[in-house]
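Next come the chains, spelled out residue by residue.
Protein chains: 2
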Amino acid sequence: MDIGSYLSGYVDGEGCFCVSINKSYRHKFGWEIRPSFSVSQNSDRAEVIEIIKQHFACGTIRPDRSDKTLKYEVRSVVELVEKVIPHFEENPLLSGKQRDFELFAQICRMMQQGEQRTKEGIKRILELAFEMNPSGSRKYTKEEIKI
Amino acid sequence: MDIGSYLSGYVDGEGCFCVSINKSYRHKFGWEIRPSFSVSQNSDRAEVIEIIKQHFACGTIRPDRSDKTLKYEVRSVVELVEKVIPHFEENPLLSGKQRDFELFAQICRMMQQGEQRTKEGIKRILELAFEMNPSGSRKYTKEEIKI
Numbered sequence: 178m179d180i181g182s183y184l185s186g187y188v189d190g191e192g193c194f195c196v197s198i199n200k201s202y203r204h205k206f207g208w209e210i211r212p213s214f215s216v217s218q219n220s221d222r223a224e225v226i227e228i229i230k231q232h233f234a235c236g237t238i239r240p241d242r243s244d245k246t247l248k249y250e251v252r253s254v255v256e257l258v259e260k261v262i263p264h265f266e267e268n269p270l271l272s273g274k275q276r277d278f279e280l281f282a283q284i285c286r287m288m289q290q291g292e293q294r295t296k297e298g299i300k301r302i303l304e305l306a307f308e309m310n311p312s313g314s315r316k317y318t319k320e321e322i323k324i
Numbered sequence: 178m179d180i181g182s183y184l185s186g187y188v189d190g191e192g193c194f195c196v197s198i199n200k201s202y203r204h205k206f207g208w209e210i211r212p213s214f215s216v217s218q219n220s221d222r223a224e225v226i227e228i229i230k231q232h233f234a235c236g237t238i239r240p241d242r243s244d245k246t247l248k249y250e251v252r253s254v255v256e257l258v259e260k261v262i263p264h265f266e267e268n269p270l271l272s273g274k275q276r277d278f279e280l281f282a283q284i285c286r287m288m289q290q291g292e293q294r295t296k297e298g299i300k301r302i303l304e305l306a307f308e309m310n311p312s313g314s315r316k317y318t319k320e321e322i323k324i
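Listed in order, the protein sequences are those of chains A and B.
Sequence positions in the first sequence follow the numbering used here and run 178 to 324.
Sequence positions in the second sequence follow the numbering used here and run 178 to 324.
It cannot be assumed that every hint is accurate.
[Stated by the list, open to error] Label-pair ranges, simulated between beta-carbon atoms:
no.: 1; chain 1: B; residue 1: Glu227; chain 2: A; residue 2: Leu305; range: 25 to 31 Å
no.: 2; chain 1: A; residue 1: Ser253; chain 2: B; residue 2: Lys316; range: 33 to 39 Å
no.: 3; chain 1: A; residue 1: Glu292; chain 2: B; residue 2: Asn219; range: 49 to 55 Å
no.: 4; chain 1: A; residue 1: Glu308; chain 2: B; residue 2: Lys316; range: 55 to 61 Å
no.: 5; chain 1: A; residue 1: Ile180; chain 2: B; residue 2: Gly291; range: 35 to 41 Å
no.: 6; chain 1: A; residue 1: Glu308; chain 2: B; residue 2: Asn219; range: 55 to 61 Å
no.: 7; chain 1: A; residue 1: Glu292; chain 2: B; residue 2: Gln283; range: 40 to 46 Å
no.: 8; chain 1: A; residue 1: Arg276; chain 2: B; residue 2: Pro311; range: 57 to 63 Å
no.: 9; chain 1: A; residue 1: Tyr317; chain 2: B; residue 2: Val255; range: 52 to 58 Å
no.: 10; chain 1: A; residue 1: His232; chain 2: B; residue 2: Gln290; range: 37 to 43 Å
no.: 11; chain 1: B; residue 1: Glu308; chain 2: A; residue 2: Glu320; range: 52 to 58 Å
no.: 12; chain 1: A; residue 1: Thr246; chain 2: B; residue 2: Asn219; range: 14 to 20 Å
no.: 13; chain 1: B; residue 1: Glu259; chain 2: A; residue 2: Lys200; range: 54 to 60 Å
[Claimed, not checked] No more than 25 Å apart at the CA atoms, straight line, and that leaves these computed lysine-lysine pairs for DSS-like:
no.: 14; chain 1: B; residue 1: Lys300; chain 2: B; residue 2: Lys323
no.: 15; chain 1: B; residue 1: Lys316; chain 2: A; residue 2: Lys245
no.: 16; chain 1: A; residue 1: Lys205; chain 2: A; residue 2: Lys230
no.: 17; chain 1: A; residue 1: Lys245; chain 2: A; residue 2: Lys319
no.: 18; chain 1: A; residue 1: Lys316; chain 2: B; residue 2: Lys245
Everything labelled a hint here was simulated from the structure, so no lab data went into it.
The beta-carbon is built from N, C-alpha and C at its ideal position, and this holds for glycine as well.
So that you can see chain A by itself, here it is in the shape it has in the complex (with noise of 0.2 Å):
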């Protein structure tokens, strides 16, 4: 039994890696891009997330807007770089997820160098996320977001 190929299996079925981006008055240029790696769970059978989160060594676990689910989730931009990332290079996910995982990796790794603080950069983050989950809803479309 292989826990490393384990967890990659459940999370390719149970997980996400998003990348939401809200308006900020707090950030340069308006809009905070937030990255994210979560796993939800029906409380009762809650052992698979207790097992994530101490295989990762980082992130939380709380109840999700819905009483009946729990939420894993990292958000901290250098644990997934240090702790999260490396887990899927070493272990891909064999789904058409891998994709998200890869321009996912790609933001989270441009915005530990402060890339999102740079005109450019911030463009370019911007256009990798939109290329993300592209089945998934978005708050805001990319022309209402202006840098």
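Position chain B relative to chain A; hints supplied.
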């Protein structure tokens, strides 16, 4: 990358070991017991379902009732016992679903021996089936099934 561990992780999230019980005049005691192993997936990322089918070298993939999902399913008791169950004995699930799997394996092996055709056997199989997926819904209650 260990594909066996990966698939167990995926199935721990997305798979189902089920034993359905239906009225049937064709069966000796008036009830049909049908074990199945299934994994559902949005059809926009069907890669893992295909890998699972290849790995187990049995089962079928078909669109589920809703148009947007594909379902991989194995219903043959012989294939469950010879191809599916050994995999999960070598690569156990880490969540509470492992308990369902163990009951499922016991039921499938009893059925391969034809135990559902004796009164004592079918009663024991039904008892085990009612211990499975306790949070799920059942068409018939234990009391409705008279043998």
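Quick rundown of the hints versus the structure:
Range check, Glu227/B to Leu305/A: Cβ separation about 28 Å, and the 25 to 31 Å hint holds. For the hinted restraint 33 to 39 Å between Ser253/A and Lys316/B, the CB-CB distance of approximately 47 Å leaves it violated. At roughly 33 Å, the beta-carbon separation of Glu292/A and Asn219/B lies outside the given 49 to 55 Å, and the hint is violated. In this structure, Glu308/A and Lys316/B break the distance hint of 55 to 61 Å, their C-beta atoms being roughly 45 Å apart.
The hinted range of 35 to 41 Å is satisfied by Ile180/A and Gly291/B, whose Cβ atoms lie roughly 39 Å apart. Checked against the hint of 55 to 61 Å, the C-beta distance between Glu308/A and Asn219/B comes to roughly 19 Å, which is inconsistent with it. Between Glu292/A and Gln283/B, the C-beta spacing of about 56 Å breaks the proposed range 40 to 46 Å. Taking the beta carbon of each, Arg276/A and Pro311/B are about 38 Å apart, not inside 57 to 63 Å as hinted.
Judged by the Cβ atoms, the range 52 to 58 Å given for Tyr317/A and Val255/B holds: they are separated by roughly 54 Å. Between His232/A and Gln290/B the Cβ separation comes to about 40 Å, which falls inside the hinted range of 37 to 43 Å. The hinted window of 52 to 58 Å between Glu308/B and Glu320/A holds, with their beta carbons roughly 55 Å apart. In this structure, Thr246/A and Asn219/B meet the distance hint of 14 to 20 Å, their C-beta atoms being roughly 19 Å apart.
For Glu259/B paired with Lys200/A, a C-beta distance near 58 Å keeps the hint of 54 to 60 Å intact. At most 25 Å may separate the alpha-carbon atoms for a hinted pair to count; Lys300/B and Lys323/B meet this at roughly 9 Å. About 23 Å separates the Cα atoms of Lys316/B and Lys245/A, which keeps this hinted pair within 25 Å; it holds. Of the supplied pair hints, the one linking Lys205/A and Lys230/A is violated, its CA atoms being roughly 33 Å apart against a limit of 25 Å.
Note on Lys245/A and Lys319/A: the hinted pairing is violated, with a Cα-Cα distance of about 34 Å set against a maximum of 25 Å. Proximity of Lys316/A to Lys245/B is assessed by CA-CA distance (about 23 Å); at most 25 Å being required, the pair is judged to hold.
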